[in-house]
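Trainee: Take a look at the letters that make up each chain.
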Amino acid sequence: MGTVSNNKENNNINSGREGVRGWLNPTRYGWERVSYWLQRLTGLFLLVYFVGHVYETSSITNGIDAWNSMLELTQTIGGHIFLILVIGTSTFHTVNGIRLIFTESGKGLGKPGRPDYPYNPSSLNYIQKSGIWVALLLACIAMLYGGMVLFGEGG
Amino acid sequence: MSNEDNKKVILKVYRTNYNKDDSPHYDKFEVPVKRWTTVLDALLHVKSYSDSSVGIRYSCRMASCGSCGMKINGRPSLACYTKISELKDDVVVCEPLPNFPRIRDLVSDFSQFFSHHKNMKPFIQNDKVSLDIDDKHDLVEFEQTHEDVDRYLQFSYCIRCGLCYSACPTVATDPKFPGPQALSQAYRYEADSRDDSKKTRFNIIDERHGIWRCHFAGSCSVVCPKGVDPALGIQLLKGHMLGLSKNNKKLSNLRTKNKE
Ligand code: SF4
Ligand code: FES
Numbered sequence: 016m017g018t019v020s021n022n023k024e025n026n027n028i029n030s031g032r033e034g035v036r037g038w039l040n041p042t043r044y045g046w047e048r049v050s051y052w053l054q055r056l057t058g059l060f061l062l063v064y065f066v067g068h069v070y071e072t073s074s075i076t077n078g079i080d081a082w083n084s085m086l087e088l089t090q091t092i093g094g095h096i097f098l099i100l101v102i103g104t105s106t107f108h109t110v111n112g113i114r115l116i117f118t119e120s121g122k123g124l125g126k127p128g129r130p131d132y133p134y135n136p137s138s139l140n141y142i143q144k145s146g147i148w149v150a151l152l153l154a155c156i157a158m159l160y161g162g163m164v165l166f167g168e169g170g
Numbered sequence: 051m052s053n054e055d056n057k058k059v060i061l062k063v064y065r066t067n068y069n070k071d072d073s074p075h076y077d078k079f080e081v082p083v084k085r086w087t088t089v090l091d092a093l094l095h096v097k098s099y100s101d102s103s104v105g106i107r108y109s110c111r112m113a114s115c116g117s118c119g120m121k122i123n124g125r126p127s128l129a130c131y132t133k134i135s136e137l138k139d140d141v142v143v144c145e146p147l148p149n150f151p152r153i154r155d156l157v158s159d160f161s162q163f164f165s166h167h168k169n170m171k172p173f174i175q176n177d178k179v180s181l182d183i184d185d186k187h188d189l190v191e192f193e194q195t196h197e198d199v200d201r202y203l204q205f206s207y208c209i210r211c212g213l214c215y216s217a218c219p220t221v222a223t224d225p226k227f228p229g230p231q232a233l234s235q236a237y238r239y240e241a242d243s244r245d246d247s248k249k250t251r252f253n254i255i256d257e258r259h260g261i262w263r264c265h266f267a268g269s270c271s272v273v274c275p276k277g278v279d280p281a282l283g284i285q286l287l288k289g290h291m292l293g294l295s296k297n298n299k300k301l302s303n304l305r306t307k308n309k310e
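Residue numbers (the working numbering), protein chains in the order written: chain Z, 16 to 170; chain E, 51 to 310.
Any given hint might turn out to be false.
As the list claims (entries may be wrong) - Incomplete in silico selection of chain E near chain Z, CB under 10 Å: (1) GLN204; (2) SER216; (3) TRP262; (4) PRO280; (5) ILE284; (6) SER295.
What the hints assert, rightly or not - Subject to a maximum C-alpha distance of 30 Å in a straight line, what follows is the list of computed DSSO-like cross-link-like pairs (lysine-lysine): (7) E/LYS138 / E/LYS168; (8) Z/LYS126 / E/LYS299; (9) E/LYS97 / Z/LYS144; (10) E/LYS299 / Z/LYS122; (11) Z/LYS144 / E/LYS296; (12) E/LYS226 / Z/LYS126.
Since the hints were derived computationally from the structure, they do not count as laboratory data. No residue lacks a Cβ here, since even glycine has one placed at the ideal position from N, Cα and C.
Let the sequences and hints guide you as you build the complete structure.
Mentor: Structural data, given as structure tokens:
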């Protein structure tokens with residue numbers, strides 16, 4: 016019935032390797048893939064925050080005025096939103112990270128056995144999924160609380 | 051005739067021939083389907099009645115040989131094991147497996163995948179038994195209980211279809227990473243009471259591009275059509291390597307002739 020579209024050739028196509036594109040869509044493979052994706056994203060975000068944080072606090076070496084003007088940056092709406100994101104990402108990264116320490120040492124995954132149709136993998140069990148949901152929930156609660164403190168009275 | 055008997059779907063097939071420098075494109079085919087029609091049935095229909103040049107690889111048609119893996123509607127699947135009625139879509143998109151070099155149309159090159167598997171030395175190694183046996187009378191048997199077998203059985207169901215390798219986000223960026231199939235085979239032998247070569251395999255996978263690159267995205271276990279659950283094997287293996295969990299295996303005894 017004929018050709019419907021042409022793709023531009025690129026190096027990745029012939030090698031078939033997905034590259035970072037493989038990370039971009041976390042929705043096709045369940046919660047564990049979403050967790051993998053979020054753990055990376057939050058990790059990268061926190062790394063950027065860490066560098067910024069070192070830069071911010073080092074401003075004190077330039078005297079109290081430099082420090083105060085740096086602090087004022089965090090008192091803007093944008094600064095508040097950024098800090099709320101820091102609270103959310105650090106909570107998720109920590110809680111999910113603790114789950115992963117256990118998971119990656121083989122804990123809470125079930126035991127090998129005789130697989131039967133429909134072959135539900137024991138490693139993708141509800142202990143693991145609940146761990147991810149709890150991490151997401153705690154991150155939301157922490158962000159909500161942070162938002163209330165930052166945008167509330169005197170914030 | 052019921053509506054179901056007249057149902058048709060559009061099969062959108064990725065086409066290219068890298069030997070001829072063809073630029074990739076998709077061809078669309080209309081195919082009649084029944085409730086039980088698999089994607090492989092539909093592709094074979096295309097080959098018989100529309101375009102015999104569509105390149106596919108298949109053999110057993112029953113999820114046993116592992117050769118018909120492809121990306122179906124965005125997810126690595128076996129064409130012979132995927133019923134079109136279960137996809138609940140009127141358009142079925144067939145593409146070659148991601149993370150494998152492409153040869154033609156839906157056929158990809160498995161050499162690198164197989165070489166990762168081979169690197170794991172996927173055979174029983176035991177100091178008590180020589181690997182070079184010329185005389186069949188020198189063949190030996192090991193004693194194993196049902197519990198011994200249960201520790202590795204699911205991992206031995208692997209048909210090397212490559213779906214897990216294709217779904218893995220680490221494989222997507224690191225060609226040297228052995229991938230879920232090879233690593234779960236390393237665990238399969240680590241858990242087998244007939245095998246005593248734990249050190250050799252640990253040395254192979256305990257390196258920069260080795261097992262520690264796995265961060266439990268779990269996608270391998272989602273797509274595995276045989277219930278192997280490679281993610282489980284890999285995490286258990288990490289636990290053993292870190293000394294955080296014990297491998298309770300007791301090496302098997304050789305079954306002696308007079309015991310038979
Ligand atoms: S582990 Fe499963 S998905 Fe991976 S190659 Fe083996 S059978 Fe296929
Ligand atoms: S044809 Fe053998 S696994 Fe599909």
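Trainee: Each hint should be assessed against the structure and marked as holding or not.
Mentor: Against the structure, the hints:
1. Below 10 Å, beta-carbon pairs count as interface contacts, and E/GLN204 has one with chain Z at about 5 Å; its hint therefore holds.
2. With a least beta-carbon distance of about 9 Å to chain Z, the hint placing E/SER216 at the interface is held under the 10 Å criterion.
3. Of the supplied interface hints, the one on E/TRP262 holds, with its beta-carbon coming within about 9 Å of a beta-carbon of chain Z, less than 10 Å.
4. Interface hint at E/PRO280: satisfied, since its Cβ lies 9 Å from the closest Cβ of chain Z, which is below the 10 Å cut-off.
5. Nearest Cβ of chain Z to the Cβ of E/ILE284: about 9 Å, under the 10 Å cut. The hint holds.
6. Restraint check, E/SER295 versus chain Z: the minimum CB separation of about 5 Å is within 10 Å; hint holds.
7. For the hint pairing E/LYS138 with E/LYS168, the CA-to-CA distance comes to about 38 Å; that exceeds 30 Å, so the pair is violated.
8. Only pairs whose Cα atoms come within 30 Å are accepted, and Z/LYS126 paired with E/LYS299 is accepted, the gap being roughly 14 Å.
9. Simply put, E/LYS97 and Z/LYS144 have alpha-carbon atoms about 43 Å apart, too far for the 30 Å limit, and the pair is violated.
10. A hinted pair counts as satisfied when its Cα atoms are at most 30 Å apart, and E/LYS299 with Z/LYS122 qualifies at roughly 18 Å.
11. Restraint check: the Cα-Cα separation between Z/LYS144 and E/LYS296 comes to about 25 Å, which is no more than 30 Å; the hinted pair holds.
12. For the hint linking E/LYS226 to Z/LYS126, the alpha-carbon distance of about 29 Å falls within 30 Å, and the restraint holds.
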